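Novice: Residue strings, one per chain:
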Amino acid sequence: MSDTIVKQAPVEPGVPKAGRSFLATYGLRIVGFAVLAIALIVYPLVVPTSRWVDAANQAMLASIGAIALNILIGVAGQFSMGSAAFMAIGSFTAAIVTTQLVELPFLLTLLLGAVVGGVAAVLLGFIALRIRGFYLALATIALHYIVIFLFQRYQEGTVGITGFLMPRADIFGITISRTTQWYPVLLVLLVLIALGAYNLLRSRTGRAFRAVKDRDIAAAILGVNVTRTKMVAFIITSMIIGFQGALSAYYLGVVTYEAFHLDVSVQYIAMIMIGGVASVAGSILGAVFVIILPFIVQGIVPNLPSWLPFSELIERNVFSVQLIIYGLVIIFFMLKVPRGMAYGFKRLGIWLKKRILNAANRKKEVDA
Amino acid sequence: MNLALLPDVLAGAIVLSGIYLLIALSWVIIFRASKLWNFATGQFLVLAGFIAATMIGAGVNYWVATLVVVGVMAVMGVLTYRFLLRPLAGQEMYAPFIVTLGLGIVIQGLIPIIWGPNNLPLKAPFSNDRIDLPFGITLTTNDLIVPIVAVVVYVGLLAFLRWTKVGGQMRAANESTILASQSGMNVWLLFGIAFAIAFAALALAGIASGQRSLVALSAIPLGLKGLVPAMLGGLNSVGGAAVGAVFVAVVESMVVLYLGADWSNLVVFAILLLVLALRPHGLFGKAEAVRV
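Here the protein sequences come in this chain order: A and B. All residue numbers for the first sequence refer to my numbering, where the first residue is 2 and numbers rise by one. All residue numbers for the second sequence refer to my numbering, where the first residue is -7 and numbers rise by one.
Hints are not guaranteed to be accurate.
Which residues of chain A face chain B? A few of them, derived with a C-beta cut under 7 Å, are [stated by the list, open to error]:
| hint | residue |
| --- | --- |
| 1 | F127 |
| 2 | Y146 |
| 3 | V319 |
| 4 | S321 |
| 5 | I325 |
With a cut-off of at most 27 Å between alpha-carbon atoms, the simulated DSSO-like pairs for lysine-lysine come out as follows [what the hints assert, rightly or not]:
| hint | chain 1 | residue 1 | chain 2 | residue 2 |
| --- | --- | --- | --- | --- |
| 6 | A | K214 | B | K157 |
| 7 | A | K337 | B | K278 |
| 8 | A | K365 | A | K355 |
| 9 | A | K365 | A | K337 |
| 10 | B | K157 | B | K278 |
| 11 | A | K214 | A | K337 |
| 12 | B | K27 | A | K214 |
| 13 | A | K354 | A | K365 |
None of these hints come from the bench; they were simulated from the model. Predicted model only: the values in this text are computed from it and were never measured. Glycine included, C-beta positions come from ideal geometry on N, C-alpha and C.
With the rest of the complex left out, here is chain A (with noise of 0.2 Å):
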């Protein structure tokens, strides 16, 4: 009997099968979560410096940005290079608003971050959604470019190199500015964004932006308006792009055009394809392993025992040598792990199970 099972087990955990109980389907599930929830609410009281709280913090607001740009190009297949100049328009709209118009308050300020990023979607997609294919990451790059540049003549035009100083944020009269006061703010904006963006891949919305990746002609025969949907893709991860541009701004509390290099939008791509192209949990997988890999070279290069190769070496180039590590980590995982690290885990997760279910089953037998 135990064959039989095994045969029909690994596909789908989600779906509860005949015969088998609530807990034997999602066990295994409630059980990761569990531990998962607990994991992040106790992580800022047991790490040891702040420091890693801000690693988390930033690592939480990338997620947000990955989770965005991997809806666009892990699932429908529209490869852009714009995430630095979204992300742009979310923090100097946010800026301009707050220090030159009128003190909006915190959440509003975030909302009309997001509100400009998708009016700005639908004015760049008139030209970019005509653009097919890797074009398409062509013309991002160029309109990166013209976005970055406006943003550069306006601030050297109004405050100059130091940028915009970002006023505190506030929910409700609560003033955030503590990196262990942003962590729960953060975590609850991802934790939203994240099934947001979960349930909005498993609705007719989402099945068309697949329909689109996957055979664009086929999707329009089948009743997808392919130039719509695009835009629609393009439109709503625009906007969580500029929401988190937004967000990141009251974050760091300054906005300037130096931090939106066209390296920010490379970093991004890095994050989907090292966690997961097209998996919500591989953005963030992703996100978290690009944002903190920086904090653990640095961590660990100035404790580098003395006696080892080339020790002088690296400590003297921190910097390079994490640029080189992350450059071999984005090598490496499209040339090995191309489908990226959410797959990897998944695999894993399924082949675990088998083996529970296998030696449970074996038991039933012996029993018997």
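Keeping the supplied structure of chain A fixed, place chain B upon it in accordance with the hints.
Specialist: Coordinates of chain B only, in the frame set by chain A:
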């Protein structure tokens, strides 16, 4: 618009178009052969400059150093293709793009470790006396050598593709990779040759940009900017690269002189956006059927 500045604009444009032509050729040769994109172009260009500057600084003859760097870069091109890009055959189209991005990041990290944080001078053995050209343009030999080398490479490449056996095979592989391989050509060898040629052109571009000012990491964006003349001329048109290079160089030089250096990125990438929106296959490129 001050017309008195025009000779200076053109003088700058002549040198810049030489550099752009070499970089654009590198993009075109690779894309024509293999439909791949090398987004580590800028990093390899700077790397070539650093190697050349070190050799010349150590007393090696300029021309010998140039030849050695061209050879080294050609080998690097072949290795990059063989070990990083060929294994990706059949994967998503963006996979090679991301691998070359990663490679560029690695090189960007290696250069400061090997050469330190400072920029290097690259001394070419040419006089800095100005030579008078028509229309009131004056250029030093140091500057003039760049477009001359670029044109020699360009003409040589066209002749190579037109009249040699390997060149003919490369044209055939560009027309149809599958038919070419079916008729017994070693397509992978042809791709490797294309990478060698492209990286050799890149080495010359790196040396040229180094002797024009300094060898510096800040020249990396030049690689991406060199894609714009390639796109304008047509990514699969070697002939078009020269037209693209001259056009982009003239426009950029005019904008920089009349509006300021800040505007150079804006105008170059605005050209790219226009090309993509209006004529993605470029002025002289052939439109390709879109795979659905």
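Novice: Return the status of the interface hint for A/I325: holds when the least beta-carbon distance to chain B is below 7 Å, violated otherwise.
Specialist: holds, 4 Å
Novice: Taking the least C-beta to C-beta distance, is A/S321 closer than 7 Å to chain B?
Specialist: This hint holds: A/S321 lies near chain B, its Cβ roughly 4 Å from the closest one there, short of 7 Å.
Novice: Regarding the pair A/K214 and B/K157, is the alpha-carbon distance no greater than 27 Å?
Specialist: Violated, at roughly 41 Å.
Novice: Is it true that the CA of B/K157 sits at most 27 Å from the CA of B/K278?
Specialist: holds, 23 Å
Novice: Please work out if A/K365 and A/K355 have their alpha carbons no farther apart than 27 Å.
Specialist: holds, 15 Å
Novice: Given the hint that B/K27 pairs with A/K214, test it: the Cα-Cα distance must not exceed 27 Å.
Specialist: holds, 20 Å
Novice: Taking only the CA atoms, is the gap from A/K365 to A/K337 under or equal to 27 Å?
Specialist: violated, 40 Å
Novice: Can we keep the A/F127 interface hint, with Cβ of chain B closer than 7 Å?
Specialist: The hint is violated - A/F127 has no Cβ within 7 Å of chain B, the shortest such distance being about 10 Å.
Novice: Tell me if the interface restraint on A/Y146 is satisfied: Cβ within less than 7 Å of some Cβ in chain B.
Specialist: Given a least distance of 4 Å, the restraint on A/Y146 holds.
Novice: Could you grab the alpha-carbon distance between A/K337 and B/K278 and see if it respects the 27 Å cut-off?
Specialist: violated, 35 Å
Novice: Using the nearest Cβ pair, does A/V319 come within less than 7 Å of chain B?
Specialist: violated, 11 Å
Novice: Compare the distance between the alpha carbons of A/K214 and A/K337 with 27 Å, and conclude whether the hinted pair is satisfied.
Specialist: holds, 23 Å
Figure legend: structure checked against the earlier numbered hints; hints not met, in rising order: 1, 3, 6, 7 and 9.
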